[in-house]
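J.: Working from the sequences, and respecting the hints, build out all of it.
These are the residues of each chain, in order.
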Amino acid sequence: MLPVYYYVGLSAVLFIIGALGVLIRRNAIVIFMSVELMLNAANLVFVAYARYYQAMDGQIFVFFVMTVAAAEVAVGLALIVAIFKAKNSINVDQISTLKG
Amino acid sequence: MFLSEVTSPGGFFYLVPLVVFFPVAGLLINIILGSKFSEKMIGLVACLAPGLSFAVSVLLAISLSWYPEGVTIPFLDWISVGELELPWAFRVDTLSVTMMLVVSGVGTLIHIYAVGYMHEDVRHNGDPKRYQRFFVYFNLFIAAMMLLVSADNYLMLFVGWEGVGLCSYLLIGFWYEKGKDGIGNAIAGKKAFITNRIGDFGFLIASFLMFWYFKSFSFDVVFEKAPEVAAAAPGVIFAMTMFMLLGVTGKSAQLPLFVWLPDAMAGPTPVSALIHAATMVTAGVYLVARSYALYVLVPEAQTWVAIVGGVTALFAATIAVGQFDIKKVLAYSTISQLGFMVAAVGMGAFVAGMFHLVTHAFFKALLFLSSGSVIQGLERGHHAVEHDPLLRKRLKSEHHFDPQDMRNMGGLRNRMKTTFWVYLIGALALAGIFPLAGFWSKDEILAEALHLNPAVYWLLTIAAFFTAFYMGRQIIMVFFGEPKSEPAAQAQESPAVMTTPLIVLAVLSLFGGFLNLPFIHTFTNWLEHTIPLEEAVEATGEVAAATPGYMFGGLNLIVAGVSFGLALIAIAVSWYFYTRRTAEMQKLPANKRPDDPLRGVLGPVFTVLENKYWVDELYWAVIVNPYVVISRFLAEKVDWAFWHDFFHDKIIVGGYNGLTWLLSKPIDTSFIDGIANGLGQGTQELAATMRKMQSGFVRNYALSVFIGVVVIIGYLVLQLR
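Protein sequences appear in the order of chains A and B. Using numbering that gives the first Met the number 0, you'd call the opening residue of the first sequence number 0 and step up by one each time. Using numbering that gives the first Met the number 0, you'd call the opening residue of the second sequence number 0 and step up by one each time.
Derived by calculation from the structure, the hints in this document are not laboratory data. Please read these numbers as outputs of a predicted model, since none were measured by experiment. There may be inaccurate statements among the hints.
Stated by the list, open to error - To spell it out: a stretch of chain A is covered by chain B in this simulated footprint if at least three of its residues, at any positions, have a beta carbon under 8 angstroms from a beta carbon of chain B; those stretches are:
1. 15-23
2. 85-95
To be verified - Which residues of chain B face chain A? A few of them, derived with a C-beta cut under 10 angstroms, are:
3. His382
4. Phe646
5. Arg698
6. Phe705
We treat Cβ as the ideally placed atom computed from N, Cα and C, and that holds for glycine.
T.: Written out as structure tokens, the structure is:
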């Protein structure tokens, strides 16, 4: 069996990719996908340690995260559609009405 | 039955509260129903009240003859504070019952007289509705006086003392809108009240001392403890008695507080007779006699009382010589006779003083009431003259005819026969002519004075001479000679309701002296049960033993002879002046004719007497005016200028304004508002700085969140390690 550090390392890489995606990309869909990437990086760590410690708590958490992610997708995609209808674009830099 | 009465203090003693409650009931009936009653009904109710009190007093006297030691009848709990228990109790002993008999007896007669007198007086003064008020006050007076004489402690006595003072004030100012300048009577009442307040202050201080040293006001307790207190603190009893003397000088019109009594003649004549001659003014004499146990402990105080009385007796008697107002003469005579009584009780001759009090009540009430009859006779005469067109022309000055001025009288003995005879009896009794009432009582005082205090004896003897002189003068001026004015020539006798009490009082004045005849001494034996007079009796006995020649059963024949002789000489002298000299005066031209033959003989001395030694003016200059000046200074300068204008307006208002300015400007607007505004402004400035962070780029926010998370996690990681 592969040592748990491999999973943690993979998860860290995935998380960093996701974080960088959120910070750097301007396309709302891509940012959205990067958020999903981070969630799943976290899921991976949960599952890995659940397996490592032979405990079910992590597994259950993953279910919760997946449920929340599905709900988030529903709300997020609806928001993106609404933005697109208003601005005719999904470039997040153009949505700066709350600028102080 | 009689044996049991003798051995137990039963008898009629328990009736004693009625002597106060009959007059109270009378005045209540007259207050509530009087406006619906006729004058006769009001008079009947008012006369019944003291009449029934008199009946009760007689019953008490009968009981006392069975049980002469007297009793105290508790009636109500009045004050109960701490260790001080003060019941409203009635003292029934020979002294208090003597006073009750005099007050209610003479009071009843004067009430009956007043029924007739006030009937005319209210019409003469133009307000018949005051008839009711008069008798309400009169009954109130009897009630208060009964309270005074029946009290068994000094505080109850003080209640009565103040009550009679109030009635005196109310009745002096009975015609309050009359008199000089329309307020003369009111001012006279005020003067009487204020002068009495000075005396009452003395009484109060004496009471406070009594409470402090005896812890009680009850006569029994005070007299019992007095010797030991006198031994422990000799000055206390002296101070107490001297302050009491101040009260006596106020109520009994002695020097230096006598000035109110002559002015009190502003009241209707029955008031002068009842309150200012027969009863109220004798309260001071009663007080000293009642407090005999205190006075005998301090001879110095006794001397003072005797001197005050003696000097007053002479002083007032001389003033009476120079008066023309018929009532003023009697007023000064009253002061003088009260001086006799005060001197007597001061010397320790308590029985003689009380004896003179009783006889004086008879003849002075008689004289005052008769003078009222004379005054109304003249008023009737004046009325008749005014309504007769023929006589009216002879009226000299119809606007200011003074019916009290003796210079307007004369020859009244033919017009008012009854009044003349009773007046003559009263005057002779007052002058001390044998065997009328005044002779016996005055002689007893003089006889006691001779060996107790010779200086006072001489003062009183000279005063007795003047007494006879001014009474002779008055009788001759009023009743003899030719009428000196048209109203006097037309004067009419008073109705029977007025003359009947006069006749009764005349009989009393004739025979009142037989109360205490030589050898028998009814009155001395009567009072002995209350005032054990070892000293006086002993002294009299001593004199009798040493010089038996002129003693006649306790009567000093030399003293009696001297005073009787002096009285006769005085009357003869007055006869000479006011018949012979007056007749000679008539020959002089009218503008050079003096109004009084004495004025020609005495000259300026008569003016001094006429002006009463300027005592009133002296008091005005020494006391009243400085007092007014000080009051004015206090009112205008201290109170108004200093306190109001300076202190209130400047200091308090100014300080308040200054403080308000300080609170509002620097503290509120600058400091408190500064904090509030500063907070707002700071928040605004902070917000202006902070808003720059709000770029509007989602990624910036995300980066912030990211950095925040990194920082927190980094902190936690480092912390855990």
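J.: Against this structure, judge whether each hint is valid.
T.: Status of each hint after checking the structure:
Only residues whose C-beta sits within less than 8 angstroms of a C-beta in chain B count toward coverage, and the stretch 15-23 of chain A has 4 of them, enough to reach three; the restraint holds. Only residues whose C-beta sits within less than 8 angstroms of a C-beta in chain B count toward coverage, and the stretch 85-95 of chain A has 4 of them, enough to reach three; the restraint holds. This hint is violated: B:His382 has a C-beta 115 angstroms from the nearest C-beta of chain A, more than the 10 angstroms allowed. At its closest, the beta carbon of B:Phe646 sits 64 angstroms from a beta carbon of chain A; the interface hint therefore is violated under the 10 angstroms criterion.
Annotation: B:Arg698 was flagged as interfacial toward chain A, and the flag holds, the nearest CB pair being 6 angstroms apart, inside 10 angstroms. A least Cβ separation of about 6 angstroms between B:Phe705 and chain A falls short of the 10 angstroms threshold, and the interface hint therefore holds.
Hint check: violations occur at hints 3, 4; the rest are consistent with the structure.
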